Amino acid sequence: MASSLKDQVAVVGVGHTQYGRRLERSPFDVIAEAIQNALDDAGLRWEDLDGIASNSGSPGSADMDSVPTLLGLKVKGYWQTWSHGRYCGTALTWAALNINAGIVNYVALVHGSGGGRRDRRPQGDGGGGEAAREGGGGHAEAPEYGMTSPGAGTALATRRYFDRFGATSRQLANVAMTIRRHANLNPSALFRDRILSVEDHQTSRFICEPLHLFDYCLVTEGGTCVILTSAERAKNLKKPPVYLMGTQPIPAGRHEFIFGIPGMGIGQMENYEYRPTVDDHPVYRMAGVKHEDIDGLFTYDAFTPLIWFTLERFGFVGPGEAPAFVDDGNIALGGRLPMNTNGGLLSEVHKSGWNHQIEIVRQLRGEAGPRQIKDVEVIQWANAYGDSLIYRR
Amino acid sequence: MPYEKPLPPVSPLNKPYWDAAKEKRELHLQKCRQCGHTWWPIAPICPNCHVRDYKWEKMSGKGKVNSWVVFHQRYFPGFEKEIPYNVCEIELEEGPRVMTNLVNAKNEEIHMGMPVEVVFEDITEEITLPKFQPIRK
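Residue numbers (the numbering used here), protein chains in the order written: chain A, 89 to 481; chain B, 71 to 207.
Here chain B stands alone, though its shape is the one from the complex (with noise of 0.2 Å):
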């Protein structure tokens, strides 16, 4: 079956962190190599120190919702089906915050603070997802 949601723009900029995802079904982003600030949206140079000198680090994927909404409107045909479907914002152990869907939970459990850990989605032959799931104990 085709995959029917949008998929994320791939750059030469983003490349390493959609190639971590699919090849080691790890969570990367960069880490400065002078000031060690840990950033997020990928950029092309330190946004604390602004030097291009930065490489890309294992996150733990381990983080906690910050914020959440549920939509209940149809933007995109693909997420038609799942609707009323989560966004979550999570911030990470390492500061940066991301955006994501919630899987394996219910929406009426989301709450601040929830502990999460990413998960990898194979979602096309080329693209895998970073999405989160609760931490259970």
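Chain A on its own, in the form it takes in the complex (with noise of 0.2 Å):
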């Protein structure tokens, strides 16, 4: 029989390092701080660890075949997904189902980059990693043509989305600075001194058109590590429980495209305007929530066009209208769906998504300070890619 993994799970602790542009430290030794910090966070120690697990292992990151033996674990389970930051919820996805199988009872979820491996990047690279995927891989890649990167991507999907909406680039300088004035609210942010205005949006030079430099995430270095466990042994720790409402993974298909939703017509898709039924959408199910009940929510926002299309993805809006749901002030602090209250990774740092789940728990333990959502119950992390997890205090 099928049994719902609701409020089976919970995340017990958070840690993180400081972040930067560049860390003289290895993917390995950021990685063992942000443990200990989670570690010490949950009020547990090393060896309670008996699962780790990564959406952002080798290449680019530090090998999961390699943490356990390194840092003395003893686990047992280990696992990593291809080195994409997409994966996040899948990882603690792949926690949670383990955990709530019995199987393992302490899972650190962790990231990890740093210096020593930056010619070992799989995006956006000179023809190695990414670029040689038989069949395109997520992105669409074509090196023949000099085709590579997320953000190229993601720009080929806001082409379309300009030219079906008549949206503008300088809408999503205001997607930009909402996520900026967040970021200016937290002392862990890379960006947290730094104004961003549309002028500066829009003066930026581009990376590939019609994306300029302030539509892209930041590239940055440091560790982060989440710890989930049973809501029953989450009971007795340090910090009061965030416990997991919800999931879903992430779909694919020919109707799928990551950088867009479905019906944009891009790749292979179909050309619709896509309006999302109960049935694409079971982590709400799941949760036994509604949109009204969401307080905040958290998406991958590698590029500023990502948070349009998970606002009408997920029905939070209908088609076309998430840039003036945007424009009108709704995803800000104080709005009525904050968004990446974090900084997100256009602001705060690049942790494959680790930085939201980490800003999520805050919020929901209510330890975020100036940027504390107020009443908050619920959080939806969900992507412009499909999948979802769902929080709750």
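Check before you lean on any hint, since a few could be wrong.
[What the hints assert, rightly or not] Dumping the calculated EDC-like pairs for lysine to aspartate or glutamate here, alpha-carbon to alpha-carbon at most 20 Å:
id, chain 1, residue 1, chain 2, residue 2
1, B, 134, A, 358
2, B, 101, A, 358
3, A, 327, A, 151
Bear in mind the hints are in silico, worked out from the structure with no lab data behind them.
Since we're looking at a predicted model, the values are computed, not measured.
Using the hints, put the two standalone chains together into the complex.
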């Protein structure tokens, strides 16, 4: 019989290192520090950890084949996905399922990037890694035509979105500015002291047109750790548990393009205006919540348009309505649906979505200081490419 | 002068595509003998009805611009001299969408729905690369 994951697993510890553009530290080193900080946060010891997973091991980060050996862990299970940030929720769900099945008790979800592996960048590269994937991989890569990098895939989808709905790059500046203002309230954010204006955004250079520099996330280094355990074990630890209410994985097929949403007419997708059905998003059913119950929304904001696409994909707004929704201040702190209150990948740090999970936990514990969402009960992690997690306090 | 851009990966699966480009200067895609579907990317079975019964068929070589981007950032050293260069997604008359560069055109004149046709560029002794150009009236 099927059994639901709802409220069976909780986040009990979060930790990270100092973030930076370039840290002269190995990925293993920052992961070790992040784990220690998360253990301290939870009131756990190294010996308690019996599982470890990452969405960003080798190439590009710490090889998960080596992490347990180097850090002296004795785990019953470890796992890494191909190095892509989008598998953050997938990695977390792997841990939740194994905990719920009684196979492991405490899983550390880790991410670390640092000096020493910069020659192994898997994305937007000079011909290895991502670009060599037969069939184009997730990014619609075609190196023989110079087509590479996640930003270019997003740019391709954005051009069609502009054309269909009349949205503009100036409106993308509002996305970047909203998220930057959140970063300005976050002491961990690399751009905490930098103000962004429409003019800054509009006059910044193009990376892959129509996207400007400030439509792109930061490329950064540092380590993060999120510790999961069963709801039962979570009760007796140092901090209040943050429960996982629902999950849904990443859909795939010819109807999908990871930097867009169904119906956009990119790649081999059909061309129509997508409106989600109840069956498209089982996460709400598992969690037993509706849109109006969501107090905060977090998303993988590697590029500004992904915030629009997420709002439409999950039905918070209708097709073409996201730009005006953002322009009207709805995703800012104090708005109807605050998004990425940490400053996101755009302006806090790029920790492959883990910096967002850490902020979600802080919000639900009431630890977010000047960024605190008032009376927050339920927060959703949801992405343009379709996966989602829902948490509650 | 050596060719400096990345070369496409030729595999047993996609070899007929590259052979048709080089030997016939034609764009050939797979067409299902059962359901008539034509598809991209090149696949081992028909993605519509999942049978292995397909033939390689000549496409008209005509289509329209479905979306496009212009690279200002250097990723591949071999493309550096052409920055800013375009990458276009073309919707072929037969339906599939393919990635390419639009040649014999200025980046500024590229637009949605722009009618285009295939041209062939011999980039090495082994590889002939399909590109597209505007159809000028």
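Holds or violated: are the alpha carbons of residue 101 (chain B) and residue 358 (chain A) at most 20 Å from each other?
Distance of about 19 Å is within 20 Å: holds.
Is residue 134 (chain B) within 20 Å of residue 358 (chain A), Cα to Cα?
Given pair residue 134 (chain B), residue 358 (chain A) holds - Cα atoms ~16 Å apart, limit 20 Å.
Quickly compare the C-alpha distance for residue 327 (chain A) and residue 151 (chain A) to 20 Å and report which way the hint goes.
violated (30 Å)
In this structure, only the earlier hint numbered 3 is contradicted, and the remaining ones agree with it.
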